[in-house]
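Novice: The lines below spell out each chain.
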Amino acid sequence: MKREHKGQGSVYEEYLKLDEVGPNPSTDGFGRRGDPSADGRSPLRFDRRQFLQFVGGGIVVCFSIPDSLALQEGERRRGMGQELPQDFNAFLRIGEDGRVSGFTGKVEYGQGVITSLAQMLAEELDVPLKSVDMVMGDTDLCPWDMGTFGTMTTRFFGPAFRAAAAEARAVLIELAAEQLQVTKDRLKTKAGVVYEVAGQKEVSYAELAKGKKILRHVKGVAPKSPSDFVLIGKPVLRRDAAAKVTGQAIYAGDVREPGMLHARILRPPVHGAKLIHADTSGAKEIEGAQIVEDGDLIAVLHPYPDLAERALAKIKSEYDRPVPAVDDKTIFDHLLKVAPQGQTVTEGGNLAEGRSTAHYVLEQTYLNSYVSHAPIETHTALAKIEGNKVTLWASTQTPFALREAAASLLGLPAQNVRVITPYIGGAFGGKSNNQQALEAVRLAKLSGKPVQVAWTRAEEFFYDTFRPAAIVKIQAGVTESGLISFWDYGVYFAGERGAPQFYNIPHHRTVVYGSGWTTVPGSHPFATGPWRAPGSNTNCFGRESHIDMLAAKVGMDPVEFRLKNLKDERMQRVLQAAANEFGWSPAKGPSKRGYGVACGTDAGTYVAHMAEVAVNERTGSVVVNRVVCAQEMGLCVNPEGARLQMEGGITMGLGYALSEEVRFKGGEILHSNFDTYTIPHFSWLPQIKTVILDAKDSPCQGGGEPPIICMGAVIANAVFDATGARLLQLPMTPERIKDALSRI
Amino acid sequence: MKETIGFSLNGKPVSFEVDPQRILLWVLRYDLGLTGTKYGCGEGLCGACTVIVDGKAEHSCQLEVKAVADKAVTTIEGLVKNGELHPLQKAFVEHDALQCGYCTPGMIMNAYGLLLNTPQPSRSQIIEHMDGNLCRCGAHQRIIEAIQTAAKEL
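If you read the sequences in order, they're chains R and F.
This note's numbering puts the first sequence at residues 1 to 744.
This note's numbering puts the second sequence at residues 745 to 898.
Any given hint could turn out to be false.
[Said to hold, decoys possible] Cross-link-like lysine-lysine pairs, in silico, DSS-like; alpha carbons within 27 Å at most:
id	chain 1	residue 1	chain 2	residue 2
1	F	815	F	756
2	F	746	R	284
3	F	810	R	449
4	R	284	F	810
Just so you know, these hints were derived from the structure itself, not from any lab.
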């Protein structure tokens, strides 16, 4: 029995009793109950009733992410024959036990959205935070999502999530009005209960959800206004911490399946090498080792990874190695030579006119090296194939893309593959390609056993999709009074993100040569890809170093110079906030104090950093004593989580600024572990202070990537202030610092 | 050749047949089912695999299982007592001293090893002792604060 309701501008269907909902005869008739994965089909194949059946009793609100990219992807997935009950990206459910679950294809790799998304749900629904569960990155349980990257979860997903929760709350009030025989305007909600204002009547969400099957799609219910927030904007501790501090949190490598084997794969010594010959006879001597050979794939499978490793070491192999064409020193000339045609992304005024009014003209080239993502959890996956059904547990930022790739590899429909994303041990843009998971699928198919592939650290450094080496070339002029008169900017192989400048410059042009990670044939000798705030780190380093040099040229304090050349009030505010926290006092650089400043925008957020360094001019080593980061990111859902991300960005950023650089000779990666590829240690830690500017009335912007973008520039500018030496290449190794000092 | 190896694991005796040259990290994770101890580098360079052997923090990726025969091994799973988090675990939660959490068991075990031998460490002692534990997410500042908090409570 079905009743139609009209309320708050949207139509919803209410099914009074669970057992009245049957399979829809107009579909292919797999109206199953119980285990959603019983026949390997995703609920996304269901029609509306089957979907309702899958999620169980209660109130379900579906919604879409209003993002153009997601909409394009929506077109794409419809093209792939995936039928959705409606076009939605996520949903939430209020269960008959009163618990609230948020289902999303987004994943948690440390950025903290498992907490902030729950916080949004609890806020809009008026339920205690502890009654909210997040179900994330499971392709059978969660609707399609394009992937977790680009600091987009809070910005694009958040508003829709809040609207859905607001809608759910409206439904609950309607149901309560009927049940309590009270008009809606006399009802309010608090802590999972609808109650009558100045009255006795009340009913809990659990009671309201009982025996109900309500499905709604969000249409225009306004979420709470900031003045009504109880939870949003309040610092909340991570909800995954208890599992993580006890060792109970499950990562892909912690999943165990009966009969599973661990794989170690024979790898080429350098990218581009061809296998001539392999003798696997030695590996067979290891008890329990199973050798798999299939075309280019040679692997050892063993119940224990250390014994698989031992067996792999016994395989003798010979490779034809290509002659190295470039190395970490010649790469920049090579890249300039092969760069594609530039695209002008912004321009204004007339550069020739700008040049004529410049008193000083400054031209410089800035370089940054390849850097590795180096998450502490290496790429890991476990694949299990039963009949025509595949289950994959993977350390991935893109579970749905993996589902499609695995299905295509096996020639199965996508709905036969379920990807489960456990906790991810760091990603930073590096876990989007899923190579390890596809290797596991292939080996599981070949061996007939569940197979885990967990890359060694050496494999991680070899197959990482490095942040590309990149070049920034800037020519800019400044008037005698300290106004920037023109800005001619070109960036090679870092991409557009962060390239357009935001100063008040009358004559300017920004040209981008090549994307940050889409490979131009013959450019990079190995794979490259997005790395935390892709493009922005390179562009910010070039721009903010150059701005600093212009300030020095006209003898102005670098903060005053920036403020003088800025019209953008948000940036002015952020710079002032950083200066106040830091205790910046104006001085012309180099002041010998070792103070540096840099600012930028990323993911809609405005950020300014200040740093104080000490340089040992004899050894060339730098100690960063303190860093201040001020960030204006619109409405900040969880200030505690945001500060954690800011501190993390600052600390991680010390690496690409000071030490991180992939050394290579052609396709040979000269690092296999953390002894030669040095990431930040405890002993590098500066005193860190973070400032979050109040902007709760404006939409959420990015929080996790912006705080890393200035780290190269702010330290380079501080080194200049300390010594007068200008560093033009990242990382600023002691060798490069000594070299720069010798050229003063 | 397998041998019978016995040791105390989180306060309970264990004894089993094993190739004595197997690596402790993998024996813990696979043979004994304790997956809290993590692989990060395999060469003792990141600290994710840290466990306590006879009161001292050790990299389990660098130990053959025979090296812990008849000794006492404590892993992250051994810190919770009677359902109560250890003060270090509590402090890590209260300080939000983690992000992805993958390095966290190793961080806590190394800090535990520090506090066993130096109950009231100075900030510089904490930094020196923890320097071999890598965290890519950048929770370092809070980890130091969490260790300081736990040291006060212990």
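Novice: Please go over all the hints and tell whether each is borne out by the structure.
Specialist: Each hint tested on the structure:
1. About 11 Å separates the Cα atoms of residue 815 of chain F and residue 756 of chain F, which keeps this hinted pair within 27 Å; it holds.
2. Of the pairs offered as hints, the one joining residue 746 of chain F and residue 284 of chain R holds, with about 18 Å between alpha carbons and a cut-off of 27 Å not exceeded.
3. As the CA atoms of residue 810 of chain F and residue 449 of chain R are separated by approximately 30 Å, the hinted pair breaks the 27 Å bound.
4. A C-alpha spacing of about 25 Å is found between residue 284 of chain R and residue 810 of chain F, which places the hinted pair at or below 27 Å, so the restraint holds.
When each numbered hint is compared with the structure, a violation occurs for hint 3 only.
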